[in-house]
Amino acid sequence: MANETHESVIGSDVEIIGTIKSSGTVRLDGKLEGELLCGGNAILGKSAQVKGNVTATSVSIEGKINGNILAKDKIEMKATATVNGDIKARRLSVEDGVTFVGRSEVNPNSQPVPAPQPGVPQR
Amino acid sequence: MADKKTKVMDGFAVVRGLAQAKHDGTLPAPGSRKPAEDLSSHPPPPALPKDSPHIVKTIQPTKRTIRCFKCGYEFQLAGTTKTIYCSKCREKIDMGDYVIDRPWSEEIKTGGSVIVRPTGRLENVRIWAGNVILEGDMDENSSIECTQWLELGAAAKPHPRQLTMRNLRVAAGAEMVFKYKLQVHHLELLGTLEADVEATGLVSIRAGGHLKGTVRGAHLQVEEGGGLSARAFIWPQGNPAVHGDG
Numbered sequence: 001m002a003n004e005t006h007e008s009v010i011g012s013d014v015e016i017i018g019t020i021k022s023s024g025t026v027r028l029d030g031k032l033e034g035e036l037l038c039g040g041n042a043i044l045g046k047s048a049q050v051k052g053n054v055t056a057t058s059v060s061i062e063g064k065i066n067g068n069i070l071a072k073d074k075i076e077m078k079a080t081a082t083v084n085g086d087i088k089a090r091r092l093s094v095e096d097g098v099t100f101v102g103r104s105e106v107n108p109n110s111q112p113v114p115a116p117q118p119g120v121p122q123r
Numbered sequence: 001m002a003d004k005k006t007k008v009m010d011g012f013a014v015v016r017g018l019a020q021a022k023h024d025g026t027l028p029a030p031g032s033r034k035p036a037e038d039l040s041s042h043p044p045p046p047a048l049p050k051d052s053p054h055i056v057k058t059i060q061p062t063k064r065t066i067r068c069f070k071c072g073y074e075f076q077l078a079g080t081t082k083t084i085y086c087s088k089c090r091e092k093i094d095m096g097d098y099v100i101d102r103p104w105s106e107e108i109k110t111g112g113s114v115i116v117r118p119t120g121r122l123e124n125v126r127i128w129a130g131n132v133i134l135e136g137d138m139d140e141n142s143s144i145e146c147t148q149w150l151e152l153g154a155a156a157k158p159h160p161r162q163l164t165m166r167n168l169r170v171a172a173g174a175e176m177v178f179k180y181k182l183q184v185h186h187l188e189l190l191g192t193l194e195a196d197v198e199a200t201g202l203v204s205i206r207a208g209g210h211l212k213g214t215v216r217g218a219h220l221q222v223e224e225g226g227g228l229s230a231r232a233f234i235w236p237q238g239n240p241a242v243h244g245d246g
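If you're matching them up, the sequences are chains A and B in order.
Position 78 of the first sequence, counted from 1, bears residue number 78 in my numbering, the numbering being contiguous throughout.
Position 9 of the second sequence, counted from 1, bears residue number 9 in my numbering, the numbering being contiguous throughout.
Just to be clear, a hint being listed does not mean it is correct.
To be verified - In silico EDC-like pairs for lysine to aspartate or glutamate, Cα to Cα no more than 16 Å straight-line:
| hint | chain 1 | residue 1 | chain 2 | residue 2 |
| --- | --- | --- | --- | --- |
| 1 | A | Lys78 | B | Glu223 |
| 2 | B | Lys181 | B | Glu194 |
| 3 | B | Lys212 | B | Glu198 |
| 4 | A | Lys72 | B | Glu224 |
| 5 | B | Lys212 | A | Asp86 |
| 6 | A | Lys88 | B | Glu224 |
| 7 | A | Lys74 | B | Glu223 |
| 8 | B | Lys212 | A | Glu105 |
| 9 | A | Lys88 | A | Asp73 |
| 10 | A | Lys74 | B | Glu224 |
To be clear, the hints were calculated from the coordinates, so they are not data collected in a lab.
With the hints as extra help, turn the sequences into a complete structure.
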């Protein structure tokens with residue numbers, strides 16, 4: 001039970017204005033106007049729309065993001081993803097079909113990106 | 001001759017045959033026939049696998065696109081041949097493949113491939129070819145023009161301004177710097193490329209590949225293990241600012 005991973009799911013009919021902080025995995029299918037800070041993985045489904053920055057250990061995108069993405073480990077852009085913003089990660093995978101406008105800093109041979117602080121309020 | 005029996009089965013012959021059968025008692029009573037079998041309860045016959053030996057497949061030879069050096073007309077060629085004539089202007093096109101493994105200063109014009117080995121060096125020469133693999137050296141007076149793929153090997157020392165290609169592949173281990181805008185159709189990176197890339201086709205960064213600079217195009221694919229340190233403008237539907245639909 002100690003290794004049990006918690007996944008928070010935000011449905012497609014949910015719209016949030018504000019910051020979401022979680023130490024586990026977050027799956028977002030709805031709309032978010034604000035930041036997403038995640039200690040685990042952030043999964044943005046096909047219907048997800050984010051206006052704000054996303055920080056997580058790894059980020060998987062199928063929806064739309066207008067904001068920067070910082071991942072400690074990996075960013076995964078699926079074919080349906082639309083990203084308008086800068087991305088920074090250690091590993092990246094992009095499927096053909098994505099829309100991506102921004103600056104990318106992904107070097108698999110570089111030092112790991114500083115870890116995000118999940119659940120710690122930012123002042 | 002007149003009483004010769006014909007073997008034509010007409011309606012009268014059928015009626016007569018039935019009457020004879022009834023007389024002999026060999027005609028089954030009406031309704032005594034076995035009812036038609038209900039096939040709906042039976043499973044359908046198993047479909048033959050796609051690669052069944054019973055299905056004869058036609059294997060087509062791979063087609064290559066040939067571009068005439070004289071008129072620029074592009075046409076398809078299946079199979080191999082030493083020479084071919086342009087379908088439009090009838091220009092004779094050499095289709096031979098060449099391997100250069102020593103200093104070379106003789107012009108080559110071929111629809112085939114040219115491989116410049118690490119020991120090869122192009123000296124004041126112009127190379128026209130379908131595909132070129134450059135693993136060796138070239139001086140600044142030499143130029144390479146290829147109608148299809150140009151592959152830059154790890155040991156290649158090209159002069160980027162002297163290269164014209166449709167598609168570019170940077171081999172694993174190669175580190176190339178193009179200081180001008182690189183316009184290509186497809187770009188495949190297994191090595192490192194620093195450039196301002198404008199691609200009309202697919203930009204593919206394979207594992208171990210790394211793109212630095214700027215990339216503009218419609219299609220980007222990054223394999224896990226590939227690096228991208230660049231400003232990216234990737235619009236599969238075209239640039240909305242240009243098309244005015246955004």
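Quiz item: Checked against the structure, which of the hints given earlier come out wrong?
Solution: none
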